[in-house]
Amino acid sequence: MDVILLQILNGLDKGSAYALIALGLTLIFGTLGVVNFAHGALFMIGAFCSVTLQRILSWSFETIDPDKTDFLGNPATVKTPYVVEWFGESTGLAIIDWSVPLAILFSIPIMIAFGFIMERGLIKHFYKRPHADQILVTFGLAIVLQEVIKAFYGANPIPTPAPSAFTGSFDFGLLLGFAENTIIYPYWRMVYFAFSLVVIGGVFSFLQFTTFGMVVRAGMADRETVGLLGIDIDKRFTFMFGLAAAVAGIAGVMYAPINSPNYHMGMDFLVLSFVVVVVGGMGSLPGAVLAGFMLGILESFASMNIIKSFIPGIDQIIIYLVAILILLTRPRGLMGRKGVMEE
Amino acid sequence: MLGLNQRDTKFLLIVIALTLFTPILLQPFPADSGLAQFNAGYPDLMQRFAIFGIFAIGFNILFGLTGYLSFGHAAFLGVGSYSTVWMFKLLNYNVLPGLVLAIIVSGLFALLIGYVSLRRSGIYFSILTLAFAQMSFNLAYSVLTPITNGETGLQVYNDDPQILMGENGITTTHFFGLKMNASHIMDVGPWQFTFNFGYYFCAVIAILAFYLSLRIFRSPFGMMLRAVKSNQQRMNYTGLSSRPYTLAAFVISGMYAGLAGGLLASMDPLAGAERMQWTASGEVVLMTILGGAGTMMGPILGAGFIKYFENIFSKINDQVLHGWFAFLPDGLENALVWLLHPFVGKGWHLTLGILFMLVVVFLPGGLVELGQRIRNMFRKKPKADNDGSHKPQQTPHVAE
Amino acid sequence: MGLLEVKDVGKRFGGLQALSDVNLSVQENTVHAIIGPNGAGKSTLLNCLIGKLIPDTGSVTFQGQSVLGRKPHEINQMGISRIFQTPEIFGDLTVLENVLIPCFAKRDGSFRMHAFETVEAEKDLNEKAVAMLEDVNMQDKLQMQASSLSRGDKRRLEMAMSLVQDPKLLLLDEPTAGMARADTNSTIDLLKEIKEKRDITMAIIEHDMHVVFSLAERITVLAQGTPLVEDTPDNIRDHPKVREAYLGETQQT
Amino acid sequence: MSKLLTTRRSVLRTGAAAGAGLAMPTIFTASSVAAFTNDPTGSSVTLGFNVPQSGPYADEGADELRAYELAVEHLNGGGDGGMMNTFSSKVLDGTGILGKKVEYVTGDTQTKSDAARASARSMIEKDGAVMITGGSSSGVAIAVQGLCQEAGVIFMAGLTHSNDTTGKDKKANGFRHFFNGYMSAAALAPVLAARYGTDRTAYHLTADYTWGWTQEESIAAATEALGWNTVEKVRTPLASTDFSSYIAPVLNSGADVLVLNHYGGNMVNSLTNAVQFGLREKVVNGKNFEIVVPLYSRLMARGAGANVKGIFGSTNWHWSLTDEGSQAFVRSFGTKYGFPPSQAAHTVYCQTLLYADAVQRAGSFNPCAVAEALEGYDFDGLGNGPTHYRAGDHQCFKDVLVVKGKENPENEFDLLEIVEITPRAQVEYAVDHPMFAGGDLGSCNGGA
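Quick mapping for you: the protein sequence lines, in order, are chains L, A, V and W. Mapping of the first sequence onto the numbering used here: position 174 corresponds to residue 174, and the numbering continues sequentially without gaps. Mapping of the second sequence onto the numbering used here: position 217 corresponds to residue 217, and the numbering continues sequentially without gaps. Mapping of the third sequence onto the numbering used here: position 166 corresponds to residue 166, and the numbering continues sequentially without gaps. Mapping of the fourth sequence onto the numbering used here: position 168 corresponds to residue 168, and the numbering continues sequentially without gaps.
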């Protein structure tokens, strides 16, 4: 029982990352009809916003300390971050410590601007083109983006720790009457889960309760009719692209402490997030979220020793296996609409 | 000739000529010149051109004709390679049994995956094929290691049975005694050309594969496949069942992939699991779209383009750049090297990504379109039809 | 006994009784129209005829064989050919190929792996297709890509695709929907011409009265999912029930 | 073993088809021309540096390339000579190898065996490379080693830690300077026993591929021999990025040590996750919970940041070593590039020097002569103390470093501190040790 609860917790956390990426992917697909293979790259860029802000905040001036030597035996240079110089030791270090949450604010304008430029500069020329062309161009873009990141930040993962207030883990087991240490869960992951719920809720209520959102939802259902109403749907769709980029971006920002970002993390997530979107049903936002959480939880269950001892290697294939089973029993995924992307 | 009309015959002859003279055509620069870096006429790369050409031709039979975008074709490539290496391990280094088995096994595998995946269309089909291929890859890398040798890749060991191997049997891959790595090198002035048996073996098979695909494109079967892509509903109401047609196309293209995989293993007897990864499946998709999906020549061009970048551009390092620009003043030399540095060597992916975008933005028909545009520039009067590298829907049929 | 027999067909979607007690018999060599106002169940009935929907009750037989639950290609192979509301053709293919495909389907059945013959080598079929296209006056457009045809030509091409299979029954689903009056008239002429040249049975589902009265020999009026009356055009025109239920309505639109 | 004939640029110039150059195409048979593959006949010799330039190990590949360039510079008489001055063999004189200037070509392995072999083949077939070296993973090393055996060139392995490279996949043309899983375990286990006691229960998380398995087998055997228990061995998919579902059950299992048989990105993520779960603050069985990372790479450890602090592992070499050779190398590398070299850089630098030295001593580039010169060779001054290249399996034997993540790093490169230099005798094993059994070195292949 405790094991199952533990893996549900793990699954929710994995699932929230899948759900956030799939949400943005579905927004772009649903509104613009574009298959965006660069979406994983947007997630990666978000994570690197964390890295970048951390670097900016740690911007330092160098003084030479004659007492210390560097690896070559020369007098060492000591770096002092400007924020420490300006705000004093404790405040300054606290600012650096909190760079990941701060990066959310930092990344939103960057990601929205990035989304705008991407949509206006490239994607809009591909609305009428076959999906295969969209795949090729966005895949090319994804390669370019990750190579640029690699050129600036190298190929190795870069540590971006969460604020020290969130280190350690919480013992759910004690709370529920189990023995100590049976169900422990890191604070930051709880934050990530809560954060993803807030973002998902935010996107849904935005689409549900604002006129802007209603128009976009109408446009997702039938673009031409909305166009006939004299509403400039294109502008709103551009904004939706920015929004989707921002969702992917902040998902990446908050994910950075969980796994140190590297330049190919986007590609690692790309295939999975497509599977999630399709299992959820193309163009269905609730489907994407549901599928994200479901696959996350199933993946966690599959990694349990007891299950692996029955079916060796099940954790290697569980996501794909589930995807196949779902697509064979439900032709359009969990909540897909008819006629979307079936040609 | 050979059941082809005059124009197609001419086209086939051109392709045969190009293929046979590849060792010369790909070696345009004298061996000692700075540009020799761009020569591609060495056996490994020429073999890869032919093999990935076959892979892409086969993929095009499915994607180009029916429009079904498979994202898992690399699985068949991998299965073909594994089958062939197993034949090496069990029998001997003769490639024939391996290739035959590769085609059979990949065909059966394709039948299985196709039967299930073709129950869905569009992106649902793509994801089904992707899921099957990723499952194959993940398992091959881990729990199937006894069959696939996992991370290291399946290879032949000295203690393998090799029951047909005689006392002094040949220890490299061969075709009835003709070794794949046997080469003849010819010097013509400062140029040097390498004629490699392995390449010609692949080339002959590639020509056969191309010829078969040409026949399929022109056959009633090919027409039906195009009908699937054009309007599947209409096709069904015309009294045709589209599923067997798409399944047949899927199996044929799976067999092409298996053949390509078998040839890869025949040229270099090691089968790595990464051959089945989704990036490998994506690569053949990119090759086909980049070259021009649905055209005869496009996929081959696309395959050559990507393999050329992978193998030639990745080897240009700063030392080479400095070598090229050594004649310039130092400042300028360094500036140029600095400027080019991000795009070559370890930056070859970047260049490839940029070129993907440029091609798809400016040449919607792929590289084939570039060829057509260039030809049209030279030919003032554009003919209504062209000599082969054309989209099938433009093909006129002799009516009388 | 008619070519197509619809017996006691009923179909319910959730709370809506879309069809009930539909009985219908399409006689050989007649043009039989099924008319009715929007929501009368015409589309549902059509979908039952082509196997797309399986009715809750009743049977649909063609030449004594049930069509229910059959796949579209099986229905076509039985000899029922369908004309769509908007012309359904193979847009990427040439006009000639569009007509050749049904020829192959007629000769070879629903699937045949003829991968190593050429299309050109099939002299008989080519001749048959060209002759058919001459019949619909499209002999000079053989090599055009079908998607580049005018709407009227697309309709004629579609007719050619159906007729070249010599179907026993031609099922027309609002063949003039959304057409300009001139196009409608030429479609009527085309159908009349076909009727004159061949012994063919047609079932037309239509709500344009002009089309129906120009072509039909028998008319079934459908209202609220059930046949109101079946008779000759002249009788239908004067039928009080029909006037009440249907014609009055169309004159307003 | 029959010989493989490959295309040889060098042959071209002396080749049979000279003259008018339009000889009838004939297919060469094995013994027709040169004595061995790519015999350098001009004034220069080409080496092939085949390293990952894309993919997860690209940074290690880049560091390897830097070391190669440095080695070539030193061999050709440039720079300060680096470890050439401290190397016990003095036959290298800064005039290249056998008087031929050293040139090199580079390629991208992409950390895929296929791509690595394609790249190596192009170096052999197109560029006439007489030796191939490099790599940052065992799969690639084994694949390329097999290719070099068939093609008849020497392979000087880069970073490869799997027992198989000089075990069941060993080849007569391949040589490994780097240490391996068995040696890591043999060095690490006593240190762990000394620090954490002999009454420990270990939980293994293992990357699910060949390297991971050999590593897990080695560590489990070595620690069990000292009294530890192994409670569970769990395989994790290579593609995993989030290890939470594997780490969460660890505390429940009764284990008090977690062994992470992961490398590269897997290691960074699993270690980060484990620390996040607060495992290191826990007390199990009355003992502090501990984490062990058997194979450390300083470059990769940077990715885990502060999480490595206090965590034990082993490494082939570290820049803070104070022997003469290491210092000379760090000085020369650091002066040129501005940061200290990684263990990958060190090992490939050594391999290049060792190859050059062997050729010089053998007086020939012939792979068989070179192999003979390397087999059973004893040398010193390359940073790991007295070292022996064993003839039986072409594995180097030298001291192994046990390290732990430094608590208070002085600079960004100062991540690991050396806990113990395990003497060579303690990590040696017999050629036919069961963990290395099943292979066949074969005989050297000179190609033509």
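Just so you know, the hints here were simulated from the structure itself, not pulled from any lab data. On a predicted model such as this, the values are computed, not experimentally measured, just so you know. For glycine and all other residues, C-beta sits at the position ideal for the given N, C-alpha and C. One thing to keep in mind: the hints can contain errors.
Unchecked claim - Simulated restraints on C-beta separations:
1) L:PHE116 - W:ILE418: 46 to 54 Å
2) L:ARG55 - W:ILE418: 28 to 36 Å
3) W:LYS101 - L:TRP59: 20 to 28 Å
4) L:HIS125 - V:GLY152: 43 to 51 Å
5) L:ARG55 - A:LEU336: 56 to 64 Å
6) L:SER90 - W:LYS90: 51 to 59 Å
Each hint tested on the structure:
1. L:PHE116 - W:ILE418: 46 to 54 Å: holds (52 Å)
2. L:ARG55 - W:ILE418: 28 to 36 Å: With Cβ atoms ~30 Å apart, the hint holds.
3. W:LYS101 - L:TRP59: 20 to 28 Å: Given a distance of about 45 Å, which is not inside 20 to 28 Å, the answer is violated.
4. L:HIS125 - V:GLY152: 43 to 51 Å: Since the Cβ atoms of HIS125 of chain L and GLY152 of chain V sit about 34 Å apart, the hinted range of 43 to 51 Å is violated.
5. L:ARG55 - A:LEU336: 56 to 64 Å: Violated: the Cβ-Cβ distance is about 30 Å, outside 56 to 64 Å.
6. L:SER90 - W:LYS90: 51 to 59 Å: holds (58 Å)
In this structure, the hints that do not hold are numbers 3, 4, 5, in rising order.
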